[in-house]
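Visitor: Those protein sequence lines, which keep their order, are chains A, B, C, D, E and F.
In case it helps, my numbering puts the first sequence at residues 6 to 117.
In case it helps, my numbering puts the second sequence at residues 6 to 117.
In case it helps, my numbering puts the third sequence at residues 6 to 117.
In case it helps, my numbering puts the fourth sequence at residues 829 to 1281.
In case it helps, my numbering puts the fifth sequence at residues 829 to 1281.
In case it helps, my numbering puts the sixth sequence at residues 829 to 1281.
These are calculated hints, taken from the structure and not from any lab test.
Using N, Cα and C, we set each Cβ at its ideal position, and we do this for glycine too.
Hints are supplied without guarantee of correctness; some may be wrong.
[To be verified] Simulated crosslink set (DSS-like; lysine-lysine; CA at most 27 Å straight-line): (1) 112(C) <-> 112(B); (2) 998(D) <-> 1255(D); (3) 1133(E) <-> 1133(D).
[Stated by the list, open to error] Computed, partial: chain C to chain B, Cβ under 10 Å: (4) 54; (5) 58; (6) 59; (7) 71; (8) 82.
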Amino acid sequence: MKLVMAIIKPFKLDEVREALTGLGIEGMTVTEVKGYGRQKGHTEIYRGAEYAVSFLPKLKIELAINSDQVETVVDAIVGAARTGQIGDGKIFISSIDQVIRVRTGEKDADAL
Amino acid sequence: MKLVMAIIKPFKLDEVREALTGLGIEGMTVTEVKGYGRQKGHTEIYRGAEYAVSFLPKLKIELAINSDQVETVVDAIVGAARTGQIGDGKIFISSIDQVIRVRTGEKDADAL
Amino acid sequence: MKLVMAIIKPFKLDEVREALTGLGIEGMTVTEVKGYGRQKGHTEIYRGAEYAVSFLPKLKIELAINSDQVETVVDAIVGAARTGQIGDGKIFISSIDQVIRVRTGEKDADAL
Amino acid sequence: MQNLIKYSLLALALALTGLGMIDPALAQEAAAAAPAPAIDSGDTAWMLTSTALVLLMTIPGLALFYGGMVRKMNVLATVTQSFAICCLVAVLWMFFGYSLAFTTGTPYVGDMGRFLLHGMDMNAPFLMGAEMPAGSVQFTIPESVFMMFQMTFAIITPALITGAFVDRMKFSALLVFTSAWLLIVYAPIAHWVWHPMGVLWGAGVLDFAGGTVVHINAGVAGLVAALILGKRAGYGAGGGHNFAPHNLVLSLIGASLLWVGWFGFNAGSASAANGRAGMAMAVTMIAAATAGLSWMFAEWSLRGKPSALGLISGSVAGLVAITPASGFVDPEGALIIGLVAGVMCYWGATTLKRAGGYDDSLDAFGVHGVGGIVGASLTGVFALKGIGGVSGLIEGNPGQVITQLIGIGYTIAWCALATAGILYMIKFTIGLRVEPEQERDGLDLSLHGETVL
Amino acid sequence: MQNLIKYSLLALALALTGLGMIDPALAQEAAAAAPAPAIDSGDTAWMLTSTALVLLMTIPGLALFYGGMVRKMNVLATVTQSFAICCLVAVLWMFFGYSLAFTTGTPYVGDMGRFLLHGMDMNAPFLMGAEMPAGSVQFTIPESVFMMFQMTFAIITPALITGAFVDRMKFSALLVFTSAWLLIVYAPIAHWVWHPMGVLWGAGVLDFAGGTVVHINAGVAGLVAALILGKRAGYGAGGGHNFAPHNLVLSLIGASLLWVGWFGFNAGSASAANGRAGMAMAVTMIAAATAGLSWMFAEWSLRGKPSALGLISGSVAGLVAITPASGFVDPEGALIIGLVAGVMCYWGATTLKRAGGYDDSLDAFGVHGVGGIVGASLTGVFALKGIGGVSGLIEGNPGQVITQLIGIGYTIAWCALATAGILYMIKFTIGLRVEPEQERDGLDLSLHGETVL
Amino acid sequence: MQNLIKYSLLALALALTGLGMIDPALAQEAAAAAPAPAIDSGDTAWMLTSTALVLLMTIPGLALFYGGMVRKMNVLATVTQSFAICCLVAVLWMFFGYSLAFTTGTPYVGDMGRFLLHGMDMNAPFLMGAEMPAGSVQFTIPESVFMMFQMTFAIITPALITGAFVDRMKFSALLVFTSAWLLIVYAPIAHWVWHPMGVLWGAGVLDFAGGTVVHINAGVAGLVAALILGKRAGYGAGGGHNFAPHNLVLSLIGASLLWVGWFGFNAGSASAANGRAGMAMAVTMIAAATAGLSWMFAEWSLRGKPSALGLISGSVAGLVAITPASGFVDPEGALIIGLVAGVMCYWGATTLKRAGGYDDSLDAFGVHGVGGIVGASLTGVFALKGIGGVSGLIEGNPGQVITQLIGIGYTIAWCALATAGILYMIKFTIGLRVEPEQERDGLDLSLHGETVL
Ligand SMILES: Nc1ncnc2c1ncn2[C@@H]1O[C@H](COP(=O)(O)OP(=O)(O)O)[C@@H](O)[C@H]1O
Ligand SMILES: Nc1ncnc2c1ncn2[C@@H]1O[C@H](COP(=O)(O)OP(=O)(O)O)[C@@H](O)[C@H]1O
Ligand SMILES: Nc1ncnc2c1ncn2[C@@H]1O[C@H](COP(=O)(O)OP(=O)(O)O)[C@@H](O)[C@H]1O
């Protein structure tokens, strides 16, 4: 099984979620994060004092999937999250050893 | 070493933490997240406009442990976090290569 | 490629970020988290009722890097985040299979 | 828009026809009879206080009521609109607005006799319409106090409109719109209704504290603005775009300050600390309370839950509806007005808005337009001779209802036409609406360069 | 509960015994001596203002004071309680409450002579107890203003009680409870104390602005409610269940508005803009300030840190305690009352509550009950003939302290009994408490379907 | 610091030299002419109201204005400073402050004739300076009301200073500083300016509502404190240390309440509900509005965006600047004063502060110091005989400008010297500043043991 962790622009959440549910993905976890990257932040000025805000609001989506779903999932996320402008985000894929559903104790594929 | 990442219901945090400290686990990191899954969200109505809130508040607990602790830790979390109702959450286990304690520079098992 | 996940004290963010950009690291993602560890929390008293706050505010930094950068990155983070006092945080390193840049579809090293 | 214009013309026609039927003897001359040419310290104390209370309604009252209902990324932009309008209108009022509204001039608009507030006598009690021997109104307070009290009304009215177009209007466009609207729409209509020379005063239209001048006016302008600006990006698209209020605690603070401040608005409109002011305060309280409950129970029975937003919206609806009636009706009249207003404004903010398909974002029309029309009409029904000197339908004078409808018609007609004109002028010159990315990133950051953490 | 009833009965017995000892000549007839049968615009101006100030105390004052102290998931439910009570009581006051409290009737309760507020003369100064030739009280303000001022007192009293049972009472139960409590507990006790026909007025009990009628009453009702409803789920269980206030900035705004509004509450209780009002305002300020400092220093020395919550709680405690005394004592008396109130209420909200084992969540009893008892008793100690026409212990009249204790006893007795009765009635019919899952998910979402982001 | 002392001495010298040039005939004796030895209920009503309004300015007004501008971890500590000062000053005022300021004494300070507020006549109108047959001032309100109104001024002045040193002063040091500063700096300067025996009153200095006594005083004290305490850790270090305001909604609420409350501050300074109060309210509104716009447009043109913080800061700057002028100028004077104040205070909070290199964190000096100096000077320019009985430069009396500068000089000199003395005394005894870790962890937690979630 794989863990897909995608950083996206916040206003793209609904489109990404819809794309994923379209693939039958039933579960995901979302976290509000701040991103630093090529996309520049902005400057805020308060009474003459400038504050450079270099971290931008992003959302992190984590989803555990079966290894054979990786490609379709990545395509779905890229398709839904892309605006073509800098700062669209990244997807990181790693392996997971085991998944357990707390309610039932089911494991791995059954737990997804 | 393994990284255990558990999604639980927020009000279960104290019980889970107590169960883990009962096992001698000395460190963990908690993040407020929003979960999407089989558990349905709710609808809020503001002056006749309905807003479907499909993401529910959850907590993510991350803890790095020695590989031989995985089973007891999973059992402890499942035991403490289970309500038997939908939305109880999931546990994901993956491998970590290395752990470093910032304060001392200690590595791996010493750093846990 | 590796994923470096570092838990640090919040007021150390700027120093860590500068140390990393000094290494040419161009991207990272930061999350506000609560940490539990050897560092004790504090007690708040409201009209005689005591509340033990055992989770302390921390920041989690995640960055995907090439495997050969691990050592320099860890050194940079440790150097910038260390105060020598308890609660300085930890660094966890794991492997990632794949990285995709959403905007371009670039993969792996190109996507970092 | 075509419909809008059509209906506006219709209303105007109706109004003009009706005018022939009005007996000018019904005009609000009661006030003019007061023979007291000295400043009364008690009356002045109450009017100074009322002025502070009405200012409190806009800043921070209305700013918070609206600010709590928008998304977090727009909260500063929203509260700033009310604050900026407060500053802008105060200056314009000094230059032109007060003169256009409250000097004698013609039945349609005042002259410029108080340009820069020249000519106010500091120590004499104010005589309004001194040039009209027969119809002038003698106050017991200095003109400066009258001018200030009226300024706070001129401030809140354009601020109310902003509820219709939050999250998408350019700040520069807002400033231009407010300036033009104040002078072209608000000041003349205030003159019509509240100056003894005014055409609707002459027609006997009753509007104690601004049901037509303030609320119908703001509500209709809001509706027109919502139609011309169009919807917020993503509004009504379904699929989870979330426009839910980000912090109703702010809105509840705002509604509370509106309520408290409204005591100055309505009881202050008696221009004196007397029995009529006391009665106006009492009916204001009762209508607000009743309407809060009636919206709440309506929503509770239809939607299953009594929402905080419903309760406070209902109270505001009741305050709106009692405004024109507050110096004319008794507590029982207020009870019924509140009851009707709560239910009707709930309908206005839900069913009517959905049917109309416009995005009157915070229900400027649904609450102030609908509530104002309900209140202005029912003033004609429940007015009692013993309270304000004029009888309504329930005391056997159905003509007063017609008179009220004429006042409503006039107001709607001129407001809709002129507002549309002003907005189109801005649209085709500096533009009305922010860029799509600005709207997406939130106006706090894109227009003002600030954020709330 | 058994203890509660036992003590209530005891207090009642004590009160009845004591009554024989009271010299009716001490009754507050000073006011009745005023021979001015005309409306005074200055007095009316101040009373209109005071009414606005007291309303400000409940919405948004008390709503925020309480709202900031609960967990975030309950903040809307908490502030909505105050707002809904405001609406509900206003309507009930119009129908029955005002009549029961302020018409002549019997020594125990008024009649229904002002049902629907019929019969108020708009333009005459109010004569309270006109049916009692000897004891009537002549005011210089219209009855509508008196009625409104008193309405705002009737609103804040049940709203204060909610502090005892936040986070767990059903909204429907709250509405039923408030209605019954207003008519069965509040209105009669107001009649006893503030109407010349009332039994405690006759006994010479001094309560300038509501130490017994408002604060002891609300505090005791809160204690009874906390006992009958039981604790919040998880309260006192240790192990990290966290009930810490989520945003004390809201509470500080609330406490500030309570303080400012209390000027209307206490100085307004002079019913005129005169020297007694001025002195009442001064002693109110001094007691609030002193009590804030005394709670703060007490906590600082015992707990090591001066908390914001302690400081503001102390000020509120001082305001509570000076309430009954405010028209009777001088600044030095106020200083001592404030000092004692700060320390005693700190004790009430900490040691006493822990000892009692009840969950009076926001210390309705600890602050308002304890503070009210402190204030009502010390009024009997520090009353000065030169201020309010009655001497207290320090001017050699120990009897006044007894009289005050009788007033306290009566109030506690009837309030405890009747409140318990009402709550049990609700418990066994529609139920008092929300479901455990509702409590866990937060009342904002489960009762009102809304959240604060 | 050396520079500071040098300039202070210079100013003092200038002031003393200048004093010879003043014609005492210009003194503000207008008020003294009033022959009315009876309490006026209307005037009293307005002054009771004004007292409530000015208290509202500090709690919660100023508390929120400042609280919104700090980092989230310091918000409770910041708002608590204003609240604690309110409590502390009230008690000190009762003991010593009121006597030092408003009893006759010498030209430099009052005596202790009102220690513990002994000797106030409850029912007679207040005669200020009764011991000076020629120069006494007869009021139409009770002394208790005058004392209370002045207390609220004594509260806000030290609270304003806190803006200069938020985030780093020890709470204990704050309490000691406030106590000493009130008695050594504020009370004497109030006596100089506002008591007929006072040296600056005698010199003919005009300060209607506190341009020198309140704003220059607070601003200069703030500057001195910012210099002596030093910068916040990390301030000006670049590299991303972020001192951005955490929630400007709070600041906007605060600015709004300051504005509304300022009606009591300025119009209340007429001590009566009359034409001068009305005019004072009008010019207050106009200056606030104009200054808000002028700061906003200055920033908009220089920085590209009109910020919410700029708009509200400008309004406060206008309110500051009109304060000394409010009973002496007409609307046009107010317009110009507002215009100048908005631009000058923008300069004071940006260019000047950067040039000075000090960390006046929330611009106590930049807004109140600069604005106060602008206002006090321009009062000498725009004063009109027809408004306040004294002519300024534009009516051909350039001497009034000199007189005003002398008043400014005196105030700056004594304030700077004495403030520095007090702060050094504290620094070398209990210490002024929190520990570095306390500053880093936030004062909410480290000083008060509380947090905002
Ligand atoms: N190496 C990385 N490790 C972790 N997160 C990253 C990394 N690079 C980028 N990100 C995340 O992706 C977001 C977008 O990256 P950015 O460089 O701004 O634009 P783009 O995705 O177009 O290259 C960043 O804000 C950050 O949150
Ligand atoms: N495949 C997944 N990947 C990541 N997080 C998941 C996944 N499935 C579920 N979750 C998380 O677990 C939570 C609980 O899942 P849900 O399906 O609602 O109930 P249950 O745990 O009873 O099956 C979700 O809210 C989500 O945060
Ligand atoms: N085993 C662990 N798994 C996950 N996070 C941990 C673990 N141990 C510590 N942490 C994180 O690191 C932070 C610092 O750890 P702590 O034990 O307080 O001090 P130190 O880093 O000096 O040993 C904790 O607050 C927690 O967020």
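Visitor: Run every hint past the structure and note whether it holds.
Guide: Hint by hint, here is what the structure shows:
1. 112(C) <-> 112(B): Violated, at about 31 Å.
2. 998(D) <-> 1255(D): holds (11 Å)
3. 1133(E) <-> 1133(D): Violated, at about 43 Å.
4. 54: Residue 54(C) check fails; min Cβ-Cβ to chain B is 16 Å, beyond 10 Å.
5. 58: violated (12 Å)
6. 59: Given a least distance of 8 Å, the restraint on residue 59(C) holds.
7. 71: For residue 71(C), the interface hint is violated, since the closest Cβ of chain B sits about 14 Å away, which is over 10 Å.
8. 82: holds (7 Å)
Checked against the numbered hints given earlier, this structure breaks hints 1, 3, 4, 5, 7; the rest are met.
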